[in-house]
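As given, the protein sequences belong to chains A and D, one line each in that order. Mapping of the first sequence onto our numbering: residues 1 to 300, in sequence order. Mapping of the second sequence onto our numbering: residues 1 to 305, in sequence order.
In short, the hints are calculated from the structure, not lab data. Heads up, a few of these hints could be off.
To be verified - To spell it out: a stretch of chain A is covered by chain D in this simulated footprint if at least three of its residues, at any positions, have a beta carbon under 8 Å from a beta carbon of chain D; those stretches are:
| no. | region |
| --- | --- |
| 1 | 58-66 |
| 2 | 122-131 |
What the hints assert, rightly or not - Not close to chain A: a few residues of chain D, all C-beta gaps over 10 Å, as computed:
| no. | residue |
| --- | --- |
| 3 | 13 |
| 4 | 57 |
| 5 | 222 |
Using N, Cα and C, we set each Cβ at its ideal position, and we do this for glycine too.
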Amino acid sequence: MTEPLHSRATTALSPSAADLLCRWVVRQAAAQETWFLDALERLQTSADERALHLFLGQVPRRLGKADLELTPQDLTAAHTVLPGWSPLGWSLDGAARVAGLLTFRGQRPFAALFEDLVRTADARELITLYRGLSFYPEPASLSTLVGAGLRSNMRAVFEAIAHGNPYPRDHFDLHRWNHMVLKALFIGSRLAPIVGIDQRNNPELARILLDYADERWAAGRVVTPELWRCVGPCADALGAYAALQRALTGSPAERLAAGLALSQTDTPSARHLLTSVPETAALIGTGRVGWSNLHHYEAI
Amino acid sequence: MYIDPHAHMVSRTTDDYEAMAAAGVVALIEPAFWVGQPRTFVGTYVDYLSSLVGWERFRAGQFGIRHYCTIGLNSKEANNEALAEGVMEWLPRFAMKEGVVAIGEIGYDEQTPLEEKYFRAQLALAKELALPVMVHTPHRDKKRGTSRSMDVCEEMGLDPSWVVIDHNNEETVRETLDRGYWAGFSIYPSTKMGNARMVELLRHYGGDRIIVDSACDWGISDCLGVAKTARLALASGIDAQVVRQVTYANALCVYGKSGQIHESDWLDPPEIDQRTLYEGNSILRGGREPRIEHPRQAADDLLID
Ligand SMILES: [Zn+2]
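One chain only, chain A, in its complex shape (with noise of 0.2 Å):
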């Protein structure tokens, strides 16, 4: 990476995820755009991790802790890097933080460097770091790591991962998808935000949510409508009509997520049954409702 910081910032034509970020962060940072820049040619040419760790902790002293502002073309811009990133709830210290990994040149490998970073990290920079994992150098070698977050009891740092990051799509295996899916339900999180979330379905997945589905029942508790997106397009093979049927009879918003579900079936039984609640399969006909805007309707 030869080219000026401050040219990669603003002209770049087919930029990166570190072009992007740093474009954003330079935007929004006032007086510190000096101090930014000049830190990350420090990064690019220095090696010296101490710089890194002190850049990485004067970040948010320097630029504040605000929403990373962003435009409707700069998500578009985003999805263009890479198809299913979104930086929506993304900090400004959080993209300039990985602005400067991404601009980093080290000696150790990425992994290895990564690993000291999560091993000190408040919470803050735990959910910076997960967010930005699909960019880093050979992101395939961080894949025991991320584990490690994934098992976190902190929500925010689950979520770093699983929402709105194309990672685990591209890099995680059947058993560790699955995982994070089950997770995001047990600890109330929402599946619509996962990246890949229909591409990744698999028949095992929906297998493990539908016997979820009966555990939940069976203890009196209520099962999450967006479980059923997953279990619906292998509701055939699964013999799942009659969980189907049952959440139909549930709540606004389980009986949508059902008829979703079946209406993305297109077999004798689904559509059969779509038919026996017309009002929901009329609300379904009107294509206002979607999975990612579900929850509006459970106060319904």
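Here the structure of chain A is known, so what remains is to put chain D with the ligand in place on it, guided by the hints.
Then chain D with the ligand, alone, in the frame of chain A:
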């Protein structure tokens, strides 16, 4: 609304968090300390410091309490030189983490040369990083140990207005205040200070530069030390302004010098900001006066949902 500026929550249960929140504690400071069992590997100490800036902060946030911490090598473990050397290498990285409001608690236990060595090294670090200091004063030979702690702070060029001398008692408070330091008092049953004695001290000294904390930890201690002292002081006729100083404002003032703790953190938290890991204090949000109450008596409940 209270701040408990000295509480070792890694040793406490969720019942305590609930009770503290219900009693009106909006923020607390957890100093790095001795967990009862000596750590014999640098790595276990590092993981402990990580839990202070990570997990424990999250745990507190779930109960609507803002969690801050101080980072340091405590005096007891400073006597293990190999461990101490290793920990010192990691401290600068932790000292820059979010919510680290001071270097502490550091100082003397048995007043050994190694304790002195690492006390001085950490005072130098605090000065370099522009962080306040929380000094733990020794239980044994307390009066001399406290004077000596302040001597060393001054020799190292620290500004007393950036230093809290903690665990004061009737014998040490005069000198601590006269020399320009903040005087912390730990309301800790039987070994440190009871709250009736504390009230008498407030009557005598007023509220300037005096800070009340619970120092609750793995020993027999009371996580409601601050709230109960405030109540007792008010009931004993201590001016409400003084009570507010010693149970809230003074701690905010001195640890606020770190730039890492602001009243707005709990008075005006973002409505939705998952990065703060903070669930909000429903009692304050609901506009009701916080009151002291015991946590739900789980043992008496027949139903477990
Ligand atoms: Zn302590």
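Now the hints, each set against the structure:
With a threshold of 8 Å between beta carbons, the proposed coverage of the region 58-66 of chain A by chain D holds, since 4 of its residues qualify and at least three are required. With 6 residues carrying a beta carbon less than 8 Å from a beta carbon of chain D, the region 122-131 of chain A meets the three-residue requirement, and the given coverage holds. Every beta carbon of chain A lies more than 10 Å from that of residue 13 of chain D, the smallest distance being close to 16 Å; the non-interface claim holds. Separation of residue 57 of chain D from chain A is inadequate, the least Cβ-Cβ distance of about 6 Å not exceeding the 10 Å criterion.
The beta carbon of residue 222 of chain D sits about 27 Å from the closest Cβ of chain A, which is more than 10 Å, so the claim that it is off the interface holds.
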